[in-house]
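Asker: Sequence:
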Amino acid sequence: VEPDLSLCEGRSVVDLSPREVGTYGERVAARYLAGIGLRIVDRNWRNPYGEVDIVAQDEYGLCVLVEVKTRRVPDGSLDLVPEMAVGKVKQARYKRMGLYYLAMSQWADSVRFDVVAVNVDPHAKCSVRHLVGAFAWEL
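Everything in the sequence shown is counted per the numbering used here, starting at 425 for the first residue and increasing by one.
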């Protein structure tokens, strides 16, 4: 993904705090998801079980809860795997949030869990990986 320094609010990626890097990655992910046809319903949706980075709706009307993981990488190296940070604890939390969203939503009747991994270099150039259905309900 080409750099969009407007997402950094005019600052260098190197100068961003870890939280700001995460926010930058969420903006990149939201733009990417919208670009492939998902409708962004909500961002940073807070609930009693935590926070969902992005709530989206796919072309079939399916609710998609998206966890975004962003890592700052050295110049010229966009091959880290931030998605590996979505372990069993985070997955369990997203499943609880998914159940809560289904109970509270007027439109959602099914939920898919996706992960978007964003690596960003010092020049704000990004690589984006979208793991569709990254994990599933375990019955």
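Source of the hints: derived by calculation from the structure; they are not laboratory data.
Heads up, a few of these hints could be off.
Pair ranges (Cβ atoms, derived) [to be verified]:
(1) ARG520 <-> PRO546: 31 to 41 Å
(2) TRP561 <-> SER441: 27 to 37 Å
(3) VAL505 <-> PRO546: 34 to 44 Å
(4) SER441 <-> MET508: 16 to 26 Å
(5) ILE464 <-> ALA516: 16 to 26 Å
These numbers were taken from a predicted model, which means no experiment stands behind them.
Glycine residues also receive a C-beta, built at the ideal position from the N, C-alpha and C atoms.
Asker: For each hint given before, does the structure comply? Return the numbers of the non-compliant ones in rising order.
Answerer: 3
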